[in-house]
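Peer 1: Here is what each chain is made of, one letter per residue.
Number of protein chains: 2
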Amino acid sequence: MLRLKRIGLKTYDENVAFLSAQCRIYKPEAFTTLNKVEITAADGRRIMASLNIVENGDMLGPENLGLSIPAFHRLGTPEGTEVSLTLATPPRSLDSVRRKIGGEVLSDAELDAVVRDIAAHRYSKSETVAFVVACAAFMTTDEVLGLTRAMAAAGDHLVWASPSAPFPMLADKHCIGGLPGNRTSMIIVPIVAAYGLPIPKTSSRAITSPAGTADTMEVLANVDVTTERMKEIVAANKGCLTWGGHVNLSPADDIMITVERPLAIDTPEQMVASILSKKLAAGATHLLIDIPVGATAKVRTATDAARLRKLFEYVGGALGLHMTVIITDGSQPVGRGIGPVLEARDVMSVLRNEPGAPQDLKERAILLAGHILDFDPALRGGEGQVTARRILADGRALACMERIMTAQGPPPHPATLGHLVKNIEATASGTVVAIDCFRLARIARLAGAPTSKGAGIDLLKKVGDAVKRGEPMYRIHAAVETDYSFASDMALEAHGYTIV
Amino acid sequence: MLRLKRIGLKTYDENVAFLSAQCRIYKPEAFTTLNKVEITAADGRRIMASLNIVENGDMLGPENLGLSIPAFHRLGTPEGTEVSLTLATPPRSLDSVRRKIGGEVLSDAELDAVVRDIAAHRYSKSETVAFVVACAAFMTTDEVLGLTRAMAAAGDHLVWASPSAPFPMLADKHCIGGLPGNRTSMIIVPIVAAYGLPIPKTSSRAITSPAGTADTMEVLANVDVTTERMKEIVAANKGCLTWGGHVNLSPADDIMITVERPLAIDTPEQMVASILSKKLAAGATHLLIDIPVGATAKVRTATDAARLRKLFEYVGGALGLHMTVIITDGSQPVGRGIGPVLEARDVMSVLRNEPGAPQDLKERAILLAGHILDFDPALRGGEGQVTARRILADGRALACMERIMTAQGPPPHPATLGHLVKNIEATASGTVVAIDCFRLARIARLAGAPTSKGAGIDLLKKVGDAVKRGEPMYRIHAAVETDYSFASDMALEAHGYTIV
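The listed protein sequences correspond, in order, to chains A and B. Each residue of the first sequence is one higher than the one before, counting from 54 in the numbering used here. Each residue of the second sequence is one higher than the one before, counting from 54 in the numbering used here.
Keep in mind that the hints were calculated from the coordinates and are not lab data. It cannot be assumed that every hint is accurate.
Put simply, identical chains are the same to the list, so a pair is met inside one copy or across any two.
Unchecked claim - Straight-line C-alpha distance at most 20 Å; calculated SDA-like pairs for lysine to any residue:
hint: 1; residue 1: K63; residue 2: Y79
hint: 2; residue 1: K521; residue 2: R360
hint: 3; residue 1: K284; residue 2: L372
hint: 4; residue 1: K63; residue 2: Q75
hint: 5; residue 1: K63; residue 2: E116
hint: 6; residue 1: K63; residue 2: D111
hint: 7; residue 1: K521; residue 2: R59
hint: 8; residue 1: K58; residue 2: D111
hint: 9; residue 1: K363; residue 2: H375
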């Protein structure tokens, strides 16, 4: 028996085990071929892990079995407990992965087995990559449907109710992303909730972008609430804007995303399965999907957008969701701020009906909220947008947002705008004809967003605006000197604006 | 600047870097998204690595950058030197990988760029898996050719010569594997070399099988010789039987194999590219490929074998190799011994023309050697086998083998048969109709082969033999008690023989 030792390595959610090359109980060479093992604790708990051989003695002794942070938590027994090691029997579902690599079509049962094994951390990272790549290479529409169902089934399900009964309708919205500053959810949720339609919005924190809705909402309120508390908030206010980290809606998808992202694999099939599996598990009945199209957005052409829309509609329809998929302008960032504090400022300025509020963010939010209100059979056809505009204009949306903020509690830390400021000036006079969303997102991220809430970019000029040489086009905010110079250098190298 | 620290982790040949979560010079969060970094030493040397964040302080300090064993060796600067860290620019060839995932056909130039980046360790493990899986999903014959050329070009090339001039012909052979005990190379090389045709055979050590030719040859002689010494031995004796570890023939293939093996990806396309790229780089002009077919061999049906043969012939032909591809019986292990010492005994018994020598091993070696001799235009058509049989019978092959053994030097350690012996007895009377190659290889490996040279299996009965209940079918040899019981338990659970 070996003694368990925790190794403080994060290993990107993968179960990794460590064994000393000097181990006398097991022969490390016996394991190197397949490099996958099963670890069993004395109480019978077991996990699978990829095995790594440690050469020298400073990380663990020959009597130890080391587990990386995620593996240690999953085994769930304390350091020093006795564990044994066996060569892992590869999950049988890997045969389906190999069939998929060979171009075959997998049945619902096969997809279900693969997804369950991924969710249970029985796949190594390489095995997950193999499945993801094989799916990216070729997938039928029915496989997308099967995968979506399997991913939703492998996670937790949310059930929503008013104090008296389940909600007959539960709205949700999702933007496929790629547009900096596009924080419409924080305006749509208060409009829809003020109307009376339940819309519990859980969001992620940014992973590659300068801010996720959860990051921006956290400038205004606490977003880290338990599932039970979230249900209470929605029962009382019809809406919430919280971080989704407490709900384990599609664990297989979370794992697949950790390998898809570094590989920049982002096919329509995987996007649809990922988004719809989570919406299904979250209990949505009526769903609005927003696909921004633009030269530097995630979806670049109308053809691609149309294809993606059809796939969403097909799979969502087969899952019994009421869906509206709209294709929107994704040619430039939305609003003026990029980064949590700046985006929160834009959102509140729209909700407060301030005269200087960014009109594109406002109109976009009204358009989307209108489509969601149109789901209500009680509303006369085409009345959605008018109603949404009225709820925003008469202050009901603002009041609802304030109730939600109060219910969620104050933000964990006060956030202020980064005090290091750099104006990026136009290098020529003319008219702004394009803004590179990718470039600006990258600069905002280097400035420190979203970790540093007050970091980001404040856009002073947008597409269509006239600009004079030397006039500032945008302003970088940072809180830390190194972030400031990283971001400034990148902006000076190429600012991302096209002026003609 | 960070200070370099060596972390004793083997990380399966992947470059892995470690940074403390408490690092004050770089923000670990800035790197977690893409998890790939470039490390630059003060003298300008640089490597790419996957970044892992270390939580606590026992592995490295906040001022350190840790590198796993392979990464540390590749950077090549001592511990304590100053290094800096930047987010790695992903290799441009990853665009080709994504195109390949999307089902497109890559040009020779694209394949070349991918292979060069893999060979230079610029791909993360996941990126290599993505390329390998995409290739396994779909590849044209011309892509196989392009990949083979690219893999050979990315490695070292061997040039062979007699003391006076380059060899006009250089023979080589390769068995695609899967048959335990199939050590024909150690008989073929002395026959062909004794005939006068140069045949420098470099072999691998076993990775998943109970013995590779290098493991078995090492029972009889030193196999770890430098490339220069190997060339001298071949110039003097026309043949050698050495370990290929000193020659870097196809580094990209070596890396791809480390990900293919755990995933059990073994397509004809990858097999052909892997084998032929190495043979090309090794300078072979005439090549014999042996494809054993059997129910438990690597290739299971005649159809699969024929398809593989055609692919070998097409690609080999386009590369200018003179090739013979033969399909052989792969229904059971070859010879009697499985494991280095037992196989070496069989080989020497054939070379010594002992009456009890395993006839199947002998006939197989003569068949293959005959095909190689037939490459010689000076030999009358069909004379190859007769000639090979004569060279073996009259002792010239044995004499040649002894010269090669003397030239390579004595084995590094004396190897004797494992003293722990277990007879596995027939559970019924009848005739042996099948032997499971996979099962016996697994049992031999558990017994300790190839690390423990004297471990393995001695077959007492083969297909077609009559056997009585209680009579031993084979004998397990082991040197260590735990190996002995692992192997015995597995054999008693299912012995791998079918008796009817």
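Peer 1: A separate judgement is required for each hint: does it hold in the structure or not?
Peer 2: Hint check:
1. Taking CA atoms no more than 20 Å apart as the test, K63 paired with Y79 passes between copies only; the shortest distance there is 17 Å, against 25 Å inside one copy.
2. For a Cα distance limit of 20 Å, the shortest separation of K521 from R360 qualifies neither inside one copy, at 41 Å, nor across copies, at 68 Å.
3. Neither within a single protomer nor between protomers do K284 and L372 lie at most 20 Å apart by alpha-carbon distance, with minima of 24 Å and 68 Å respectively.
4. For the identical chains of this complex, K63 and Q75 are inter-copy neighbours only, at 13 Å across copies versus 24 Å inside a copy, given an alpha-carbon limit of 20 Å.
5. In this assembly of identical chains, K63 and E116 lie within 20 Å of each other by CA distance solely across copies; the values are 18 Å between and 22 Å within a copy.
6. Taking the shortest Cα distances, K63 and D111 sit within 20 Å of each other both inside one copy (18 Å) and across copies (14 Å).
7. Taking CA atoms no more than 20 Å apart as the test, K521 paired with R59 passes in neither setting, with 59 Å inside one copy and 54 Å between copies.
8. For a Cα distance limit of 20 Å, the shortest separation of K58 from D111 qualifies both inside one copy, at 12 Å, and across copies, at 12 Å.
9. In this assembly of identical chains, K363 and H375 lie within 20 Å of each other by CA distance solely inside one copy; the values are 14 Å within and 53 Å between copies.
The structure shown violates the earlier hints numbered 2, 3 and 7.
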